[in-house]
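Chemist: Whenever a hint applies, use it, and build me the whole structure from the sequences.
Number of protein chains: 2
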Amino acid sequence: MSQDFFAAHQATLQGALDAIAQRGFWTPYPEAPSGRIYGETAAADGEAAFKARLNKPFTLNQPATKAMVGAEVSPFGFALGITYPNPDIDGLMAAAQAALPAWRKAGPQARAGVCLEILHRLNRRSFEIAHCVQHTTGQAFVMAFQAGGPHAQDRGLEAVAYGYRAMAEVPEHASWEKPQGKADPLRMDKDYHIVGQGVSLMIGCSTFPTWNGYPGLFASLVTGNAVVVKPHPGAILPLALTVEIAREVLAEAGLPQDVVLLAADTADAPLAKELALRPEVKIIDFTGSSAFGTWLEQNARQARTYAEKAGVNFIVLDSADDLKAVTRNLAFSLSLYSGQMCTTPQNIFIPRTGIKVGGEIVSFDEVAGAIAGAVAKFNSDGDRAVEVLGAIQAQATCDRLDQARGMGKVLLDSREITHPAFPGARVRSPLMLSVDCAQTEIFIQELFGPISFVIAVDSAESGLELATKTAKQHGALTASVYSTDPAFLAKAEDLCVDAGVALSENLTGGVFVNQSAAFSDFHGSGANPAANASLCDSAFVAERFRVVQVRRHSA
Amino acid sequence: MSQDFFAAHQATLQGALDAIAQRGFWTPYPEAPSGRIYGETAAADGEAAFKARLNKPFTLNQPATKAMVGAEVSPFGFALGITYPNPDIDGLMAAAQAALPAWRKAGPQARAGVCLEILHRLNRRSFEIAHCVQHTTGQAFVMAFQAGGPHAQDRGLEAVAYGYRAMAEVPEHASWEKPQGKADPLRMDKDYHIVGQGVSLMIGCSTFPTWNGYPGLFASLVTGNAVVVKPHPGAILPLALTVEIAREVLAEAGLPQDVVLLAADTADAPLAKELALRPEVKIIDFTGSSAFGTWLEQNARQARTYAEKAGVNFIVLDSADDLKAVTRNLAFSLSLYSGQMCTTPQNIFIPRTGIKVGGEIVSFDEVAGAIAGAVAKFNSDGDRAVEVLGAIQAQATCDRLDQARGMGKVLLDSREITHPAFPGARVRSPLMLSVDCAQTEIFIQELFGPISFVIAVDSAESGLELATKTAKQHGALTASVYSTDPAFLAKAEDLCVDAGVALSENLTGGVFVNQSAAFSDFHGSGANPAANASLCDSAFVAERFRVVQVRRHSA
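In the order they appear, the protein sequences are chains A and B.
Under numbering that gives the first Met the number 0, the residues of the first sequence are numbered 0 to 554, in order.
Under numbering that gives the first Met the number 0, the residues of the second sequence are numbered 0 to 554, in order.
The set of hints was computed from the structure by calculation and includes no laboratory data.
A hint or two may mislead.
Since the list gives no way to pick out one identical chain from another, each pair is judged satisfied if it fits inside one copy or across any two copies.
[To be verified] Straight-line alpha carbon distances no greater than 25 angstroms define the calculated SDA-like cross-link-like pairs of lysine to any residue that follow: (1) Lys490 x Asp320; (2) Lys471 x Glu171; (3) Lys272 x Arg300; (4) Lys471 x Gln96; (5) Lys177 x Ala420; (6) Lys355 x Asp3; (7) Lys104 x Glu464; (8) Lys376 x Cys397; (9) Lys471 x Asn122; (10) Lys272 x Asn298; (11) Lys177 x Gln9; (12) Lys471 x Ser288; (13) Lys490 x Asp188; (14) Lys272 x Glu296; (15) Lys181 x Phe57; (16) Lys272 x Val72; (17) Lys471 x Pro255; (18) Lys181 x Thr82; (19) Lys181 x Val387; (20) Lys471 x Gln297; (21) Lys490 x Ala324; (22) Lys177 x Leu276.
Modeler: Here it is, written out as structure tokens:
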């Protein structure tokens with residue numbers, strides 16, 4: 000049965016393998032929330048399926064459930080009213096462990112087939128997932144569809160491809176024949192067995208539960224581990240749905256369903272630490288705060304932790320041909336999902352002497368004003384703005400926004416926007432502050448949310464040096480520079496490569512620095528404190544399994 | 000210049016890449032210490048070169064030397080009288096850091112070329128290395144030549160191949176073109192830069208300084224790291240020679256010599272901890288005690304430690320066609336280098352009811368006696384025995400041997416053997432003790448050296464279960480079983496794969512369980528406490544570098 004899944008999706012896997020070798024554009028999961036692609040009733044069906052989940056228990060046929068818990072509230076202003084299995088951890092770990100031998104013996108192809116079928120079914124349910132993601136993360140619908148659906152599925156598939164390639168590079172058998180001069184050669188037959196590390200723990204985040212969660216989930220699954228999914232208590236639903244589908248596919252494949260288990264908790268009684276310290280847990284995937292990521296690295300020593308933590312992303316402006324194209328691009332970047340992306344720029348370095356635009360000097364104040372003006376204009380129509388801004392996931396982000404107002408000169412104030420469809424939604428437009436580069440203590444910390452600083456520096460070079468130094472010390476996932484000077488761009492490349500931060504140069508079109516495309520963009524480098532791994536590369540999968548050999552004289 | 004090295008050795012690299020894909024027999028470095036291969040004067044030249052090193056400082060043109068230190072004593076009974084650079088660590092780290100940018104920018108091909116040229120020169124000097132290895136480790140000459148020379152070079156080349164393949168799998172550039180319906184596609188050019196992690200620390204061991212050291216050294220080098228080589232104070236010479244050659248090749252390639260640096264210390268003033276805790280050090284390769292390996296894992300948190308530690312290897316006898324062939328094979332395994340191999344079996348489980356040999360039951364005592372008798376016979380002629388036993392590297396091993404005598408019933412006592420050429424050599428024949436499986440506390444610890452236990456168990460199955468349980472808890476690199484029963488072998492395979500221990504079945508010919516052939520045998524699985532990594536696989540190299548991307552709109 001599981002072999003059928005592999006056969007059914009072999010072309011998709013091959014496409015993904017080709018894509019990771021080339022890293023050009025590729026996806027099998029269309030990003031357009033279109034009825035022509037997903038079926039004319041898909042939108043309505045997805046919404047109905049979401050609504051049918053509300054205000055009742057989300058039951059999963061998994062063992063060791065102690066209680067049903069859940070207190071999710073949509074950032075758009077209503078309680079979901081759903082409860083999920085809260086586990087007895089001993090029982091959950093025993094179930095995961097018990098599932099391991101059959102999952103190992105199924106082998107790489109069968110496991111890849113199961114993963115591909117899970118992704119396929121997730122894809123077919125992208126509209127339903129979009130509603131689940133929207134009403135837990137606060138993403139606007141189209142973004143929730145794309146980032147929570149097809150783009151997350153892409154990232155999951157990418158992890159399957161890396162994991163599968165890494166396993167396929169280990170031959171299953173070898174014939175070893177060592178010459179012995181005139182005597183007969185020594186001949187040995189050898190088998191190489193792929194063995195997962197054990198139980199893998201995926202700790203989900205509240206803003207991108209599927210996009211950030213699927214890489215670790217699928218990388219661990221395909222390489223033979225059982226996965227316990229511990230969602231953020233504020234964003235359980237998208238991952239509960241994922242676990243449900245995974246368990247359905249496993250059952251149909253005749254494999255133990257407990258290869259994938261949900262562990263739901265609440266903010267008041269969090270389970271992540273207890274789960275992370277369990278001896279059965281050998282791998283942890285985590286996206287979230289630096290404090291907790293570092294806690295995991297320091298304390299969960301029995302496991303390998305892949306952590307994406309906080310960072311301070313930056314933009315340096317040196318020169319441009321067309322300032323309007325620059326500010327238009329930045330306005331979208333700074334507004335998208337109200338800056339609640341790990342890739343959103345926070346610090347915008349501009350020479351205090353201004354920048355050259357088409358041969359003319361434009362002053363610092365003018366450039367800062369042009370960016371703030373573009374952001375203001377982009378969000379001037381609240382009814383349209385909400386479709387990019389989405390809602391603020393956590394009240395803490397609104398509080399942070401209010402506190403940040405006093406940290407610099409306000410270039411653009413944040414305002415509350417009333418959502419036309421969801422009057423209770425927590426919607427805020429971006430806040431922009433102007434500070435001097437001497438005020439480092441203000442801008443070297445991540446202020447998660449729609450908060451950015453325009454920072455006056457002595458020169459674009461010094462801004463670049465300060466920004467990359469900050470990236471090395473405090474982390475950064477993305478950098479963006481604008482310059483018409485090849486020497487400046489070369490210097491930016493050198494410093495960003497050294498600081499381990501992905502650089503985008505002169506983005507003025509329809510690509511934005513906060514967007515990271517699966518199969519092409521490496522999300523995070525693992526080379527600065529913002530992340531200790533990349534989504535997704537060979538390093539992300541290579542240690543999720545081990546090779547154990549058996550040898551004997553040839554018959 | 001460095002590109003010339005790549006071109007010169009491209010066929011060797013391709014051979015290695017093919018070999019790691021197939022994992023059959025392959026080597027470019029002949030293991031026979033033969034004048035026809037290495038040149039008619041190679042043997043004499045190598046010995047003369049070794050002798051010329053004695054009783055003088057081993058100078059290296061490297062910076063930050065604080066003093067010259069060294070107190071190596073050959074296990075064959077004479078002091079080497081050589082001193083080596085003992086570094087000022089701040090200065091050494093600064094030098095390594097300063098070498099990094101040029102080494103990164105040289106790129107994968109140039110770095111591979113340098114590594115291949117170093118290995119080539121090491122190979123040409125295998126006779127010299129053999130003497131250096133013999134008179135630090137205590138290995139007999141032929142073994143010192145093979146394990147310390149060509150086989151170690153094979154392991155180094157294998158690491159280069161894995162590292163090169165992992166880097167080559169990341170495309171240097173990509174063209175990303177995303178369709179936009181009827182509008183023009185979005186087009187981006189992307190560059191992917193390979194960046195080493197930083198400074199890599201290789202902590203050498205006293206028994207296989209090159210064989211165990213080269214994988215980490217070359218894996219880190221090819222992937223763009225600078226390497227500080229910190230040899231065991233008892234076995235500095237082989238690695239000092241390696242560093243000297245590496246620095247010569249780097250200079251000829253026009254690259255910073257400080258990419259490879261030696262840090263010699265003494266037993267009284269060890270440097271490993273201080274080096275390991277340096278923030279510049281991002282990778283540590285270590286072979287040695289479990290205590291220090293665990294200390295590194297727990298304390299050197301800024302680095303990724305690849306550690307091979309202690310383990311308890313085992314043999315289980317169930318049945319055999321030809322007991323003589325079994326005992327002959329075991330006699331060599333138990334004698335080779337006086338059990339000072341991390342792969343030497345220690346625990347031999349035999350059913351107390353005996354084993355079936357050719358349809359007849361042979362009693363426990365008879366089997367135990369047959370093994371002990373074969374070991375005794377193998378070592379009966381001292382003049383010949385020393386060429387397999389070698390000498391005992393450390394006095395502590397002799398002390399352990401003396402203390403072990405009381406731990407069980409002596410099946411075969413150890414005796415001192417006078418080396419015909421080196422009367423001062425520390426030579427001991429193997430000690431074999433008989434214990435009951437209930438005396439677990441005796442045999443679950445590693446007793447490094449020529450000490451083995453014959454352990455009476457209720458059945459071969461229970462022996463297998465006890466042995467693999469011990470492997471999971473205390474580590475094991477090798478397992479060996481003898482059985483004519485396919486069901487027993489299947490069970491052994493399942494339990495050994497689960498315990499992460501490499502299994503050899505029915506070895507009766509010219510292959511021994513302690514031998515691990517590069518390009519074919521994975522040395523260690525990383526899946527039990529004996530090692531957290533394998534020499535060598537993709538996981539061993541994948542995290543030694545990071546990928547940092549730069550993207551821009553296509554022109």
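Chemist: Could you work out which of the previously given hints the structure breaks and list their numbers from low to high?
Modeler: 5, 6, 9, 15, 18 and 22
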